[in-house]
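J.: This is what each chain is made of:
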Amino acid sequence: MVLAVASVAAVAGKPAVASDQPAAPQSRNPIDRWNQMSPEERERELAKLPPERARQIRERIRRFNQLPPWEKQALRERYQKFAQLSPERQEIVRQRMRDFRQLPPSRRQLVRREIEHLRWLPEPQRGARMNSEEFRSRFSPRERQIVRDITEYLPDQLK
Amino acid sequence: MNCPMEDRHSETLVAYAAGELDRETAAAIERHLSVCPACRSMAAEQAALWNTLDIWEAPPVSSDFDRRLYGRIRNEARLSWWERLSRPFRPMPLRQALPLAATTCLLVIASFLVRQPDQLTPSRPRREVVRADQVERTLDDLELLRQFGTANQAETPHADTM
Numbered sequence: 001m002v003l004a005v006a007s008v009a010a011v012a013g014k015p016a017v018a019s020d021q022p023a024a025p026q027s028r029n030p031i032d033r034w035n036q037m038s039p040e041e042r043e044r045e046l047a048k049l050p051p052e053r054a055r056q057i058r059e060r061i062r063r064f065n066q067l068p069p070w071e072k073q074a075l076r077e078r079y080q081k082f083a084q085l086s087p088e089r090q091e092i093v094r095q096r097m098r099d100f101r102q103l104p105p106s107r108r109q110l111v112r113r114e115i116e117h118l119r120w121l122p123e124p125q126r127g128a129r130m131n132s133e134e135f136r137s138r139f140s141p142r143e144r145q146i147v148r149d150i151t152e153y154l155p156d157q158l159k
Numbered sequence: 160m161n162c163p164m165e166d167r168h169s170e171t172l173v174a175y176a177a178g179e180l181d182r183e184t185a186a187a188i189e190r191h192l193s194v195c196p197a198c199r200s201m202a203a204e205q206a207a208l209w210n211t212l213d214i215w216e217a218p219p220v221s222s223d224f225d226r227r228l229y230g231r232i233r234n235e236a237r238l239s240w241w242e243r244l245s246r247p248f249r250p251m252p253l254r255q256a257l258p259l260a261a262t263t264c265l266l267v268i269a270s271f272l273v274r275q276p277d278q279l280t281p282s283r284p285r286r287e288v289v290r291a292d293q294v295e296r297t298l299d300d301l302e303l304l305r306q307f308g309t310a311n312q313a314e315t316p317h318a319d320t321m
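Residue numbers (our numbering), protein chains in the order written: chain A, 1 to 159; chain B, 160 to 321.
Okay, chain B solo, but in the shape it has when bound:
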């Protein structure tokens, strides 16, 4: 199979770690993981993430949760159409605004990482674009330099052609 990391199909590895793949695809992924360190590392990270979620326990719900929820639903039903329309324009209480702001920040950071992974990962060597004419000049120089390579090279026919 093709390398999911090379083909930019890392979602396949995410689905594998989540156990969402069919048996055949999962087996193919496992065979690939045995030979590809990059995918192996990615799959391990995903597996660690799922393990962390598995052991996470939700905090207990307060005893009067149901009473307050039904109270809110009743109040909602009593609101006039004008109050419902104007509600989005009212200032949001801090308790509700904070999680929303935090989520927005996380999304902005994530989208920034997706767009500019090269700049944010110092260990990743940058792939530079070289112009074709620059390559041509270097080939010319290498050809000239090559004729001083070995004792008999310059006398060999076509040895200096590259």
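Chain A extracted, bound-state conformation:
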């Protein structure tokens, strides 16, 4: 009897094969947690959505998983910083990033360079530059808002 109980306890307490378990704390974003679920669990969750939407999610996950490891890691770290912002700030950043995406490619490049440049400046100089005539003449109000908010809320984004 004791043998049977001990065997059952040994089987029950045995950890699952741990090869797919995340090692680093930054891997705990929803995508990584999703990847750690069993295929049955994932399909059960996807079945709650309309088929076309579920198909798109599958495809997007597949594309994320195919990114090179260094890029996935960089995105994880970026997302972790973003997730630490308050919900209101997250919404502001989302809106600015959508605005950025809608800019023409040439303007996008300019805005990106400006954000990168400002990131390296000490705080007082950064403020002075954003209040300068040159800054105002170079960028539209919408572009200035993108630069201001991204620089303020996600200062490490261009590292």
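Any given hint might turn out to be false.
[Said to hold, decoys possible] Partner residues aside, some chain B positions facing chain A, computed with beta carbon under 10 Å: (1) Val288; (2) Ala291; (3) Val294; (4) Leu298; (5) Asp300; (6) Glu302; (7) Leu304; (8) Gln306; (9) Phe307.
[As the list claims (entries may be wrong)] Take a look, some chain A residues computed to stay more than 12 Å from chain B by CB distance: (10) Ser86; (11) Pro122; (12) Glu123; (13) Gln125; (14) Arg138; (15) Arg148; (16) Glu152.
Treat the hints as calculated values from the structure; they're not laboratory data. All C-beta atoms in this analysis are idealised placements derived from N, C-alpha and C, irrespective of residue type, glycine included.
Given chain A's structure and the hints, the job is docking chain B onto it.
T.: Then chain B, alone, in the frame of chain A:
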């Protein structure tokens, strides 16, 4: 062969440790053990259990065991049908009740372990269920964040699609 631990067929490993498998299956298990640390550890635990049983010696039986046993059998045969029927309802002597209670406790603990291994094993990382819409929102955010990735990424066609 498939991993017995992954397929939740750990009884195969228990049978292997007990030497109950045929030669072919045992050989397949041995090949799998050489590459699977989880199964190797499980098989080692089972083997240790069997080794412990092998070296266990039963305590000697008292010299008047046979006399008392046959006496009880004789008494049993003399019982009336009414005494036999009412016996289960009589209070059980403590000497008999204790092992029964201990066995019941062990069974309850074992069934609890089988049902809730996650909660009782602190080292085992819990597998959380993430909602699909939560994943979709995160993918949206990752796509937006990705456009600030590398210097030329946003200008590459479809680079921000994920």
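J.: Now tell me, hint by hint, if it's right for this structure.
T.: Going through the hints against the structure:
The beta carbon of Val288 (chain B) is positioned within 10 Å of a beta carbon in chain A (closest approach about 6 Å), and the interface hint is therefore held. A hinted interface residue such as Ala291 (chain B) counts as satisfied when its beta carbon comes closer than 10 Å to some beta carbon of chain A; here the least separation is about 4 Å, so the hint holds. With 10 Å as the threshold, the beta carbon of Val294 (chain B) comes within range of chain A, its nearest partner Cβ sitting at about 5 Å, so the hint holds. A hinted interface residue such as Leu298 (chain B) counts as satisfied when its beta carbon comes closer than 10 Å to some beta carbon of chain A; here the least separation is about 5 Å, so the hint holds.
Against a cut-off of 10 Å between C-beta atoms, the interface hint on Asp300 (chain B) holds, since the closest Cβ of chain A lies about 6 Å away. About 8 Å separates the beta-carbon of Glu302 (chain B) from the nearest beta-carbon of chain A, less than 10 Å, and the hint is met. Interface restraint check: Leu304 (chain B) against chain A, minimum CB-CB distance 5 Å, threshold 10 Å, status holds. Because the smallest distance between the Cβ of Gln306 (chain B) and any Cβ of chain A comes to about 6 Å, under 10 Å, the interface hint for this residue holds.
Because the beta carbon of Phe307 (chain B) sits about 5 Å from the nearest beta carbon in chain A, less than 10 Å, this interface hint is met. The beta carbon of Ser86 (chain A) is kept farther than 12 Å from every beta carbon of chain B, the shortest such distance being approximately 15 Å. Distance check on Pro122 (chain A): its Cβ is at least 21 Å (rounded) from any Cβ of chain B, clearing the 12 Å threshold; non-interface status holds. Against the 12 Å criterion, Glu123 (chain A) stays outside the reach of chain B, whose nearest CB is about 21 Å from its own CB.
Distance check for Gln125 (chain A) against chain B: the nearest CB is about 22 Å away, which clears 12 Å, and the non-interface claim stands. Remark: the non-interface label on Arg138 (chain A) is consistent with the geometry, its nearest Cβ contact in chain B lying 19 Å away (cut-off 12 Å). With a least beta-carbon separation of about 15 Å from chain B, Arg148 (chain A) lies farther than 12 Å from that chain, consistent with its non-interface assignment. The claim that Glu152 (chain A) lies off the interface holds: its Cβ sits roughly 14 Å from the closest Cβ of chain B, which is beyond the 12 Å cut-off.
Of the hints listed earlier, there is not a single one the structure fails to meet.
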